[in-house]
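Participant: Spelled out, the chains give:
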Amino acid sequence: MDRTTAVDRDLTRSAEAERAPLLEVNGIRKAFPGVVALDNVQFRLRAGTVHALMGENGAGKSTLMKIIAGIYAPDQGQVRVKGKALVFKGPLDALNNGIAMIHQELNLMPSMTVAENIWIRREPKTKFGFVDHAQLRRLTQDLLDHLVIDIDPEAEVRNLSIANRQMVEIAKAVSYNSDVLIMDEPTSALTDTEVNHLFRIIRQLQAQGKGIVYITHKMNELFEIADEVSVFRDGKYIDTRKATEVTRDEIIQMMVGREITQMFPKLSVPIGEVVLAVKNLGSHGFFREVSFELRAGEILGLAGLIGSGRSNLAETLFGVVPATTGSISIAGIEVTIDSPARAIRSGMAFLTEDRKETGCFLGLDVLANMSAAVLAKRYVRCGFVQRKAIQKDCGDMSGTLRVKTPGLDEVIQNLSGGNQQKVLIGRWLLTKPNILILDEPTRGIDVGAKAEIHRLMSELAGQGVALLMISSELPEVLGMSDRIMVMHEGRMIGIVDRKDANQVRIMEMASQ
Amino acid sequence: MSASKSTTGEGSETLKRAKRKWPPELSIFMVLIGVSLFFEAIGWYLNGQSFIFNIDRLQIIVLQVAVIGVIAVGATMVIITSGIDLSSGSVVAATAVVSASLAQVSDFPRAVFPHLTDLAPFWPILTGVSVGLVIGLINGLLIALTEIPPFIATLGTMVAARGFAKWFTGAMPVSMLTDSFAWIGSGINPVVIFVVLAIAFQVVLRYTRFGKFTYAIGANRQAAVVSGIAVHRHLVWIYALAGLLSGIAGTVTAARAVSGQAGMGFGYELDAIAAVVIGGTSLSGGIGGVTGTVIGVLILGVMTSGFTFIRLDAYYQEMVKGAIIVAAVVADQYRRRNRR
Numbered sequence: 194m195d196r197t198t199a200v201d202r203d204l205t206r207s208a209e210a211e212r213a214p215l216l217e218v219n220g221i222r223k224a225f226p227g228v229v230a231l232d233n234v235q236f237r238l239r240a241g242t243v244h245a246l247m248g249e250n251g252a253g254k255s256t257l258m259k260i261i262a263g264i265y266a267p268d269q270g271q272v273r274v275k276g277k278a279l280v281f282k283g284p285l286d287a288l289n290n291g292i293a294m295i296h297q298e299l300n301l302m303p304s305m306t307v308a309e310n311i312w313i314r315r316e317p318k319t320k321f322g323f324v325d326h327a328q329l330r331r332l333t334q335d336l337l338d339h340l341v342i343d344i345d346p347e348a349e350v351r352n353l354s355i356a357n358r359q360m361v362e363i364a365k366a367v368s369y370n371s372d373v374l375i376m377d378e379p380t381s382a383l384t385d386t387e388v389n390h391l392f393r394i395i396r397q398l399q400a401q402g403k404g405i406v407y408i409t410h411k412m413n414e415l416f417e418i419a420d421e422v423s424v425f426r427d428g429k430y431i432d433t434r435k436a437t438e439v440t441r442d443e444i445i446q447m448m449v450g451r452e453i454t455q456m457f458p459k460l461s462v463p464i465g466e467v468v469l470a471v472k473n474l475g476s477h478g479f480f481r482e483v484s485f486e487l488r489a490g491e492i493l494g495l496a497g498l499i500g501s502g503r504s505n506l507a508e509t510l511f512g513v514v515p516a517t518t519g520s521i522s523i524a525g526i527e528v529t530i531d532s533p534a535r536a537i538r539s540g541m542a543f544l545t546e547d548r549k550e551t552g553c554f555l556g557l558d559v560l561a562n563m564s565a566a567v568l569a570k571r572y573v574r575c576g577f578v579q580r581k582a583i584q585k586d587c588g589d590m591s592g593t594l595r596v597k598t599p600g601l602d603e604v605i606q607n608l609s610g611g612n613q614q615k616v617l618i619g620r621w622l623l624t625k626p627n628i629l630i631l632d633e634p635t636r637g638i639d640v641g642a643k644a645e646i647h648r649l650m651s652e653l654a655g656q657g658v659a660l661l662m663i664s665s666e667l668p669e670v671l672g673m674s675d676r677i678m679v680m681h682e683g684r685m686i687g688i689v690d691r692k693d694a695n696q697v698r699i700m701e702m703a704s705q
Numbered sequence: 564m565s566a567s568k569s570t571t572g573e574g575s576e577t578l579k580r581a582k583r584k585w586p587p588e589l590s591i592f593m594v595l596i597g598v599s600l601f602f603e604a605i606g607w608y609l610n611g612q613s614f615i616f617n618i619d620r621l622q623i624i625v626l627q628v629a630v631i632g633v634i635a636v637g638a639t640m641v642i643i644t645s646g647i648d649l650s651s652g653s654v655v656a657a658t659a660v661v662s663a664s665l666a667q668v669s670d671f672p673r674a675v676f677p678h679l680t681d682l683a684p685f686w687p688i689l690t691g692v693s694v695g696l697v698i699g700l701i702n703g704l705l706i707a708l709t710e711i712p713p714f715i716a717t718l719g720t721m722v723a724a725r726g727f728a729k730w731f732t733g734a735m736p737v738s739m740l741t742d743s744f745a746w747i748g749s750g751i752n753p754v755v756i757f758v759v760l761a762i763a764f765q766v767v768l769r770y771t772r773f774g775k776f777t778y779a780i781g782a783n784r785q786a787a788v789v790s791g792i793a794v795h796r797h798l799v800w801i802y803a804l805a806g807l808l809s810g811i812a813g814t815v816t817a818a819r820a821v822s823g824q825a826g827m828g829f830g831y832e833l834d835a836i837a838a839v840v841i842g843g844t845s846l847s848g849g850i851g852g853v854t855g856t857v858i859g860v861l862i863l864g865v866m867t868s869g870f871t872f873i874r875l876d877a878y879y880q881e882m883v884k885g886a887i888i889v890a891a892v893v894a895d896q897y898r899r900r901n902r903r
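Quick note, the sequences are listed as chains D and Y, same order.
Here the first sequence stands for residues 194 to 705, where the numbers follow this note's numbering.
Here the second sequence stands for residues 564 to 903, where the numbers follow this note's numbering.
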C-alpha cells in the first residue's frame, strides 16, 4: 500500500535537492589542437560552501570553469546544476542558469562607465524602451554601497586602477545574484585590505546559500576562506579534501606531484660594484625624488601599495616614460634614457607587470615572442635573420627555463600564464642584460613555476646581474630581496636591509 | 577601509571633474569654428567678402554634405564596433540605378522597365532602400558567419555592387524620372532626411540597449561575449543598418540628379569614414558618436566650399584636404593621450 502523500513526496524531493550538490561535473574532457586540457575531470560544489580549486598553470582549472560558464563546450562529459543535466549554448545560457564568473583577465569595456559595465545587457528601461540612466546610476550606487565599495558609478573603467577594476568585476558578478559564483584569481591585484573586504563579501554570499568556486595560487587565502579544496594536475582531477583536514605541503605535493623543499631558494651571493645609480629621479604626475643605488649580484625588492608609483618608476628607468627630473647613471656614467631602445643598449631589461597587455605578442609563436628584443642586437646579417641560430638559442633557453610548450612554433596565446611569463623572461635573458627589472614576475603563476623563477633570479644574481624586483607579495619580497625599497604615493619612504625587514615594518612604511 | 575612489593621479578635483564632463565633441566643434573663421579671414583678405555670413553658401554646404552625412551615420555605428564598411559608395550606385529604373516617366521610349513607369515614388524608394538593406545584410552575414575581417568582406561587396550597377544599366544612365520622385532630392529635403536620421541614431546609440551593445562590442569584444551579448547577431544588424542608410543616400542621390548612373557615389565611403574619424570616433572602436560625425561632415563641407571660395586649384584642394584630415585625427589622438 502506498502511504506516501503528495506532501511527503514533495518533502523527499526537496530534501534530495538539498543533498544534491549545487553544481556537479563528471567525465569532462576538453582538447585543443596539440594539448588535452581536461581528461575525465570531475568537480562538485555544495550550496553554502567555498570550494577552492588549485593546480599549476596549465592544470586545467580555468578551462573547466570556462566550460561551466558556457564559454567552451566540453568534448565529453556532463554538467549538472541543482541535479539537472544542462548543455550550455553560450555564456548567456550559463548566466540564465545561475552561474556567474569573475575572469582572471578582466572582462570590462574600458571606454564605458562602471555602471554601464556592470549592467550591460540588463539595463533598466524607461516606458519608451530607452535606457533609464538615472535608474542605472542608482542601481549601481546601491550595489556598490551594499558591498561597501567606494567607486564612482560614472567613472570610466579605463581611468580606474587595476585593483579598482577588479572590484568592479567582483561587483558585476555579485549583481547577477547567481547560485554559483566562480572566482578566477580574484585577488591578483588587490592589497590585503581589499582582500579582506572580498572575503567579507564571500562570507555574506555563503550565508545566503550560494556556492563559490575560488581559484587561487595563494595558499594563505585558501586556508582562510575555503571549506574544501580540489586539486588538478596536468588536466586530471587528483583529489578533494576538507580545508581543515589537509596541510599546505600535502596540497603542493598533489599539485606538483613532487615535494617542493624550499619556497624561496635565496642563495648567498657576493655583491659587486654599483651598476645603476639613480639620483632625485622624478616623472611628473607619477613619482618624485627617488634615489637609490643597485649593485651587481644584488636583488633590490620594491614594495608598496597599488598606486605607489613602483611600476611608473620601472617604466621611467626603462625609458617608456622618460624622466622629467633627476639623473640615471649606468656603471658610473650618466645616461639619458629617453627610449626603451636606449635602455636596452645600456644593458637593461624590463619584464612588464601585465604580460597580456604589454608583454606577449599573443597571436605570434614562442619563437617570435622570445626573439623580439634580441633581434635588434644579434642574429641579423645584412638585414636577414639567421633562423637556425636564433631557433637553437631560443630552444636552449626554453629548455633552461622549462617552458611547457609543444614547440617553438606554438602560438603563445595557447600557453598557460606561467609559461608565457617564462617565455618573456627568456626574451630578456637572451639580451644578456646587466640590469634586470622585474615587475610582479610571479603574478598569477603557480607554486612550481614560481619556485623555478625564484631559483632563476638567484642564479642570475650569482652571475652578477643586478635585479630590481617589484612585488606586491610580501613573503616574496622578504624572501628574495637583499634590500627592500618602499614607496608610497609617488615618494620613496626608505630602504631596509634584509636582516632588519619584516612584514609589519614594510606594511607600515608602505601605508604612511 | 574600502577600495579607493577612482583617480587619474594628481591635479585638482574640480578640474578633473570638469574635464570628465567635457564632451569630446566640444573640441571637434571648436575645430569647425576654427576652420570657418580661417576661411572667413582669408575671404576678407582675398575677396573682400564674408565666407560664413552668406545664406546661399551655407545652404549649399549643408546640401552637399547631406548625402555623405547619411552614409556617415551608418559608418559611425560600424566603426564603433571596430569594424569598417568600404561598400557604401557602391551601394549608393546600385541603389541609385535600381530606384531610378522604377521612377521613370511613361513617355520615354527607352525605359528600363517599360511596364513599370509613372509609379508612385513609394515603389522606387522602397526598392532602392531594400537593395541597400540586402547588401548590408550580405556584409553582416559574411562577417558574422565566416569571421573574415570587415575590411575584406566589404571590399568584396564594394566591387560586386559596383559591377551590379554597371550590369544593370548596361553602362547607360537611367534618366527621365518622375517629378514626384525627384522631389525627394530637391530643395532642403536631403538635409531634413539627414538631420532626422542623425538625431534618431544618436538617440539609439546613447539611450538604448542596442546602442550600449554597439559600444561594448567595440570596446572589448571578448567581454561582450562573456556578458551574454549575442555579438554575431548584433553585427548583422549593424551592417544591415549601414547598408540601409547607404541605400537611402543612394535614393536621394538619384532623386537629386534626376537620374541613376553606375558611376555615382564613387569615393563616398572614404569621405564618410573621414568624417566619422574627424568627428572623434576611434577606428579601434568603443568610442565616438553621431554628434561628432555630424560636425566632421560639416568640417569637410566647409573645407570644400572654402577652397572653392578662395579659388584654390582643384588639385591642390585634394592634397590640402588629405593633410587636414590627418592633422585633425593626430590632434585628437594627442588630446586623448593627454587626458590620461
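To be clear, the hints were calculated from the coordinates, so they are not data collected in a lab.
Check each hint, because a few of them may be wrong.
Unchecked claim - Computed, partial: chain D to chain Y, Cβ under 7 Å: (1) 284; (2) 305; (3) 324; (4) 325.
Said to hold, decoys possible - A short list of chain D residues far from chain Y (calculated; beta carbon distances all over 10 Å): (5) 314; (6) 370; (7) 535.
For glycine and all other residues, C-beta sits at the position ideal for the given N, C-alpha and C.
Participant: Next step is simple, just say for each hint if it's right about the structure.
Facilitator: We went through each hint and held it up to the structure:
1. Against a cut-off of 7 Å between C-beta atoms, the interface hint on residue 284 of chain D holds, since the closest Cβ of chain Y lies about 5 Å away.
2. At a threshold of 7 Å, the smallest CB-CB gap from residue 305 of chain D to chain Y is about 6 Å, leaving the interface hint in force.
3. The restraint placing residue 324 of chain D at the interface with chain Y holds, with a minimum CB-CB distance near 5 Å, inside the 7 Å limit.
4. Because the closest C-beta pair between residue 325 of chain D and chain Y is about 9 Å apart, greater than 7 Å, the hint is violated.
5. Listed as outside the interface, residue 314 of chain D is inconsistent with that label: its C-beta sits roughly 5 Å from the nearest C-beta of chain Y, within the 10 Å cut-off.
6. Every C-beta of chain Y lies more than 10 Å from that of residue 370 of chain D, the closest at about 15 Å, which supports listing it as non-interface.
7. At the 10 Å boundary, the C-beta of residue 535 of chain D stays outside the reach of chain Y, the nearest C-beta of that chain being 21 Å off.
The structure fails hints 4, 5 (numbered hints given earlier, in ascending order).
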